[in-house]
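Peer 1: Each chain, written out:
Protein chains: 2
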Amino acid sequence: MSPSAASESTARLPADRYAPMANAIRALAMDAVQAANSGHPGMPMGMADVATVLFAEQLSFDPKAPKWPDRDRFVLSAGHGSMLLYALLYLTGYEAPTIDDIRNFRQLHSPCAGHPENFELAGVECTTGPLGQGLAMAVGMAIAERHLNAGFGNDLVDHNTWVIAGDGCLMEGINHEAIGLAGTLRLGHLNVLWDDNHITIDGDTDLSTCEDILGRYQAAGWHTVSCDGHHYGEISRALAEAAADPRPSLVACRTIIGKGAPNKQGSHSVHGSPLGADEIAATREFLGWTAAPFDVPGAILADWRSLSAKGAETRAKWEARLAASAQGGELTRRMDGGPPSQSQEVGSYISALAADKPKVATRKSSEMALEVLTAAIPELVGGSADLTGSNLTKTKSTPTFSANDYAGRHIHYGIREFGMAAAMNGMALHGGVIPYGGTFLVFSDYCRNAIRMSAIQHARVIYVLTHDSIGLGEDGPTHQPIEHVMSLRTIPDLLVFRPADAIETAEAWTMAIAQKDRPSVLALSRQNLPAVRFDTEFRSAKGAYRLKAAEAARQVILVATGSEVEIAMASAAALEAEGIGADVVSAPCLELFDEQDAAYRADLLPADVLKVSIEAGVTLGWQKYVGDGLTIGIDRFGASAPADQLYDYFGLTAGKIVPQIKARLGR
Amino acid sequence: MSPSAASESTARLPADRYAPMANAIRALAMDAVQAANSGHPGMPMGMADVATVLFAEQLSFDPKAPKWPDRDRFVLSAGHGSMLLYALLYLTGYEAPTIDDIRNFRQLHSPCAGHPENFELAGVECTTGPLGQGLAMAVGMAIAERHLNAGFGNDLVDHNTWVIAGDGCLMEGINHEAIGLAGTLRLGHLNVLWDDNHITIDGDTDLSTCEDILGRYQAAGWHTVSCDGHHYGEISRALAEAAADPRPSLVACRTIIGKGAPNKQGSHSVHGSPLGADEIAATREFLGWTAAPFDVPGAILADWRSLSAKGAETRAKWEARLAASAQGGELTRRMDGGPPSQSQEVGSYISALAADKPKVATRKSSEMALEVLTAAIPELVGGSADLTGSNLTKTKSTPTFSANDYAGRHIHYGIREFGMAAAMNGMALHGGVIPYGGTFLVFSDYCRNAIRMSAIQHARVIYVLTHDSIGLGEDGPTHQPIEHVMSLRTIPDLLVFRPADAIETAEAWTMAIAQKDRPSVLALSRQNLPAVRFDTEFRSAKGAYRLKAAEAARQVILVATGSEVEIAMASAAALEAEGIGADVVSAPCLELFDEQDAAYRADLLPADVLKVSIEAGVTLGWQKYVGDGLTIGIDRFGASAPADQLYDYFGLTAGKIVPQIKARLGR
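As given, the protein sequences belong to chains W and R, one line each in that order.
In this text, residue positions in the first sequence follow our numbering: the first is 129, and each later residue adds one.
In this text, residue positions in the second sequence follow our numbering: the first is 129, and each later residue adds one.
No wet-lab data here; the hints were simulated from the structure.
Accuracy of the hints is not assured; some may be wrong.
Because identical chains cannot be distinguished in the list, a pair is counted as satisfied if it fits within a single copy or across any two copies.
[Stated by the list, open to error] With a Cα cut of at most 20 Å, we get these calculated SDA-like pairs of lysine to any residue:
| # | residue 1 | residue 2 |
| --- | --- | --- |
| 1 | K492 | F662 |
| 2 | K784 | G794 |
| 3 | K790 | D722 |
| 4 | K192 | Q472 |
| 5 | K670 | G457 |
| 6 | K644 | D722 |
| 7 | K524 | S476 |
| 8 | K644 | F765 |
| 9 | K784 | D431 |
| 10 | K752 | E719 |
| 11 | K445 | L429 |
| 12 | K752 | P734 |
| 13 | K784 | L236 |
| 14 | K524 | L335 |
| 15 | K752 | D722 |
The whole structure should be built from the sequences, with the hints applied where relevant.
Peer 2: Written out as structure tokens, the structure is:
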């Protein structure tokens with residue numbers, strides 16, 4: 129809320145006008161779900177009263193400028209209740225969705241998808257549906273807000289993040305991680321409205337939980353308050369108390385799921401199915417709602433539309449302050465997402481690497497690149513899930529971010545991989561920061577769906593995933609990611625980089641930052657790797673490139689990534705020594721290679737030459753690139769031993785690879 | 129603990145003999161980590177006192193019979209402290225590890241791997257290391273114990289599950305899911321000893337958390353008690369209180385990490401690095417430990433070895449009761465893991481399907497198969513993560529398992545996918561039950577690492593993952609698993625079934641149950657699918673088979689799975705109508721196909737015929753089977769719309785596939 133919002137809020141509507149406004153939400157929700165013959169009426173109807181008070185009295189928003197930087201963020205974490213959000217956006221006057229969009233709820237090409245999608249509607253802050261992640265993304269938004277506030281001051285950045293969450297969001301494990309982080313960071317501008325309806329899909333919540341939820345939130349350092357979710361005065365008081373408390377707040381809103389449907393409300397049958405024609409008629413009767421489906425009476429719509437005046441005024445004042453501020457241009461640049469050029473610094477750094485040829489782990493190369501990049505790009509905000517010294521994510525430019533110093537740029541996320549990833553999604557979607565965070569690659573499993581959600585949401589999040597195969601050594605199979613690089617490649621719209629040395633790592637970082645609309649993974653080694661690149665031509669940009677051309681007549685092409693490029697080079701040298709010409713292709717990012725034109729791809733990997741992939745992971749998938757050639761990899765779980773012994777044990781040495789190639793060539 | 133254990137426990141050692149015993153653990157841990165030049169001394173040294181009291185006074189175990197069914201289970205959830213467990217197994221007299229095994233800690237082929245692995249040592253109940261999962265598996269063990277107790281009575285099944293967990297285990301999201309489940313199910317035989325040392329890898333715990341952990345456990349329905357983890361009397365009192373309370377118990381053991389290392393204890397520097405020669409010398413001095421590395425003085429070893437007498441006596445009494453019990457044979461059968469033959473019932477059921485040709489969703493086919501199987505196999509224990517009515521996991525034979533009825537056979541796991549999966553691992557490893565559980569396939573992301581841990585641990589867990597592609601329709605891209613089937617196939621030692629109709633589903637279920645040493649995934653459709661199989665020959669056993677042979681001269685082979693087999697059949701019919709002979713191969717399980725001999729594989733998918741894969745998911749990976757043929761699939765996220773429209777939109781219809789095949793054939 130901006131500094132002047134307190135006085136503006138006196139302009140709010142009298143509470144007796146809320147009931148028809150809330151019923152408009154109920155009617156739109158039940159009619160849209162009925163028309164689609166699919167969807168979730170229970171939550172929108174149950175939370176209609178709370179949402180009405182929130183939008184009327186607390187939320188700072190302007191439908192004419194949905195991306196206005198200092199707006200409050202509203203996250204519908206219980207995304208299955210998407211009709212609540214679509215109804216609110218329509219009623220308050222956003223350009224989209226239109227009433228026709230709502231009529232086409234859940235139909236192909238309607239922006240009103242089954243779950244809210246941030247790329248479909250400007251008023252949707254993030255894509256929700258996978259339970260628990262909306263609230264966790266809101267934590268990230270609140271982090272971004274406090275960080276920007278620390279840099280730009282109350283005049284330019286001072287807003288709240290409001291969340292509606294259901295029992296599912298709270299029962300998921302990620303909730304524990306998200307609220308633990310928010311409590312520790314004392315994110316007082318974050319407020320969660322819990323739809324406490326005692327119902328899950330399977331039935332009453334006591335089928336599966338006996339939890340004292342307020343007690344748990346209090347144990348995590350949160351402020352809690354309760355209200356009757358159908359009593360406007362109580363809701364109003366609870367929301368005001370939440371907004372005022374310096375801690376993050378949980379507002380327990382005791383509601384009746386499907387409120388207004390006289391025969392079905394309060395039962396799990398109303399959660400995820402259309403009410404049916406009879407119950408819809410009964411609901412109209414019960415609510416006194418006489419308007420036709422998708423028709424909102426003018427006086428009620430006018431009340432809803434009047435709410436935007438306050439936000440418009442708040443925004444106008446903010447814009448005046450922005451224009452008057454010396455920092456206005458910088459904030460605008462950062463919110464627009466265009467990082468400052470760092471080409472000169474990176475160029476110098478890569479030139480130095482080409483000369484120095486350092487033999488370091490790519491996780492160390494990543495740290496070295498980050499030293500350059502974090503110095504040049506103030507919006508890079510790093511962190512690690514309690515592996516800072518292993519992931520090497522912290523640089524001289526990134527002091528610790530904490531409740532005592534929101535200007536810090538490195539977050540101790542704790543042992544909370546999923547929470548970290550979802551928070552980074554929220555930070556990226558908030559804007560003004562470019563988040564990166566580290567864990568071991570094997571624990572990408574723990575946050576996998578949030579990585580997927582980065583991709584779905586077109587969010588620039590950079591995952592620093594170190595200890596990327598058996599090279600981590602003694603920690604053994606539970607910690608050795610065998611299948612992870614390939615399985616991450618199956619996620620659409622995600623760039624998976626596995627650089628081979630310090631130059632490729634610097635190139636990967638530069639490209640990841642340049643991807644304004646998609647996330648990247650950097651899979652990095654624990655063990656030292658020799659330099660294989662000595663030029664400054666940014667060759668990783670094509671995803672794969674010819675690192676070494678055959679000297680003798682070309683009979684084989686070796687394709688490798690990361691730590692196995694060294695092995696490919698050694699194998700090629702051994703082959704050349706026997707007169708067998710061998711190209712070596714380094715492939716730091718297969719997704720970027722796939723985007724090259726056919727001529728480039730065919731030149732690099734022609735159909736008529738034997739191709740051999742070498743990667744210390746599962747071979748499934750490499751057939752796409754080497755056809756019926758050889759796929760050298762590891763198709764089983766790893767083992768606990770020093771790394772060099774494991775490479776030998778699993779056959780990933782030139783001495784064990786070359787004979788296989790010769791046999792295939794009939795030599 | 130068996131009914132007679134109370135009197136036996138009076139035979140415990142006087143507390144003044146504990147200190148040297150605990151120091152033996154410390155010495156073995158620090159020397160083994162030093163020899164390996166890798167590992168984690170801090171936890172074993174910090175928890176040595178607690179572990180000594182646990183093994184001396186509470187744990188019912190017999191080193192001569194590590195798999196004795198009514199033993200207490202001990203789970204080292206903080207698996208990085210593996211030397212604690214190896215030291216305990218050696219000191220108490222298990223056949224393995226030997227002292228030489230411990231000398232070879234973290235070396236290739238040593239059973240003393242970096243993290244404890246259940247397949248390496250009989251005394252290791254489960255493989256731990258991925259944080260949080262050990263405790264969650266212990267919840268599953270405690271579930272299995274109560275369930276078997278309900279069926280076999282106190283005389284045959286009455287034991288405890290003890291866990292040592294660290295801050296990492298407690299901070300992970302899965303901890304919230306696990307303790308919520310345990311609290312709701314009132315698993316009083318589960319006791320967790322929390323190594324409360326105020327340290328994580330990054331530093332002091334207050335860097336990343338401000339949580340009141342006891343408050344949180346109390347909010348989840350747990351009993352909590354605290355003790356000084358270095359005061360034997362306090363530990364003894366706290367463990368006894370935990371054992372006696374009817375709720376699951378958390379024992380907060382306030383410890384000093386690396387206790388005994390005078391210059392490093394209490395600091396995060398002792399967590400995961402060798403102490404170094406100087407500090408080891410100082411520790412020997414500080415502890416008064418004069419024995420050489422890997423040498424335990426005879427009197428101390430004798431005290432440790434004396435502890436097994438109690439367990440041996442308890443086991444002997446239990447075996448006498450088992451022999452005398454009418455249920456003894458059945459319990460032994462169930463613990464041995466050989467399910468009763470259900471071939472007759474399944475055979476009749478499949479014959480009926482061949483005649484009836486039902487058009488049903490494979491999730492429904494799964495329910496139908498489960499009706500037969502759960503009636504025939506009493507150890508099948510099902511459940512769902514709050515999607516019972518969608519996953520269709522509950523049958524007439526499986527009443528609800530709850531705190532009020534542990535004889536039940538279907539668990540409402542709540543909205544806790546990761547907790548469910550880990551609990552199922554614990555149930556399978558406990559033995560006596562065969563767990564299966566459901567969620568949406570897209571949420572396999574949430575429990576992915578537990579699925580991986582099923583495979584690593586050779587655990588027979590069956591994942592019922594429904595709504596397996598765009599066929600789920602309106603819920604849209606967040607709920608449509610595009611990459612999941614292929615990405616699950618990248619996990620070693622996991623069978624991924626995607627059956628095409630009711631007969632293939634019955635075959636898949638039968639094979640999944642028969643896999644004594646590996647887990648299975650069943651990817652099942654939301655939408656109805658026509659029958660494509662009309663024989664009873666159990667053809668899925670080979671993983672892929674020729675469903676339809678070409679009628680005209682064969683020019684193409686269509687390979688499909690699940691819901692796309694129908695489309696492959698329609699495409700083949702259209703091709704045949706134009707004189708183009710087409711085989712259709714149904715491939716319900718590519719892992720089983722890979723295990724067939726080369727002749728079978730070459731006959732089914734010969735190199736010289738055009739092959740076309742059809743699967744409503746990412747195409748990466750299919751090149752392994754179709755070479756440079758066509759891969760028809762979906763290489764982007766899905767969309768929200770009715771299923772049939774989506775199939776058309778994404779080009780998965782015979783009408784859109786056939787022209788591509790003809791173009792490739794030059795027709």
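Peer 1: Against this structure, judge whether each hint is valid.
Peer 2: We went through each hint and held it up to the structure:
1. Only within a single protomer do K492 and F662 lie at most 20 Å apart by alpha-carbon distance; the minimum there is 18 Å, versus 59 Å between protomers.
2. For a Cα distance limit of 20 Å, the shortest separation of K784 from G794 inside one copy, 16 Å, qualifies, whereas the shortest one across copies, 42 Å, does not.
3. Taking CA atoms no more than 20 Å apart as the test, K790 paired with D722 passes in neither setting, with 29 Å inside one copy and 25 Å between copies.
4. With identical chains, the CA atoms of K192 and Q472 are never at most 20 Å apart, being 40 Å at best within one copy and 69 Å at best between copies.
5. In the homo-oligomer, the alpha carbons of K670 and G457 never lie at most 20 Å apart, since the shortest distance is 34 Å inside one protomer and 65 Å across protomers.
6. When the C-alpha separation of K644 and D722 is checked against a cutoff of 20 Å, the pair qualifies only within one copy, where the shortest distance is 19 Å, while the shortest distance between copies is 41 Å.
7. Taking the shortest alpha-carbon separations for K524 and S476, only the intra-copy value of 19 Å comes in at or below 20 Å, while the best inter-copy value is 71 Å.
8. Taking identical chains as interchangeable, the C-alpha atoms of K644 and F765 lie at most 20 Å apart only when they sit on different chains, with a minimum of 19 Å there against 36 Å within one chain.
9. Taking the closest pair of Cα atoms, K784 and D431 never come within 20 Å of each other, the shortest separation being 76 Å inside a single copy and 50 Å across copies.
10. In this homomeric assembly, K752 and E719 come within 20 Å of each other (Cα to Cα) both inside a single copy, at 12 Å, and across copies, at 18 Å.
11. Within a single copy, K445 and L429 get their C-alpha atoms no closer than 26 Å, and across copies no closer than 78 Å, so neither meets the 20 Å cut-off.
12. In this assembly of identical chains, K752 and P734 lie within 20 Å of each other by CA distance both inside one copy and across copies; the values are 13 Å within and 18 Å between.
13. Taking the shortest alpha-carbon separations for K784 and L236, only the inter-copy value of 19 Å comes in at or below 20 Å, while the best intra-copy value is 53 Å.
14. For the identical chains of this complex, K524 and L335 are inter-copy neighbours only, at 18 Å across copies versus 51 Å inside a copy, given an alpha-carbon limit of 20 Å.
15. Taking the shortest Cα distances, K752 and D722 sit within 20 Å of each other both inside one copy (11 Å) and across copies (18 Å).
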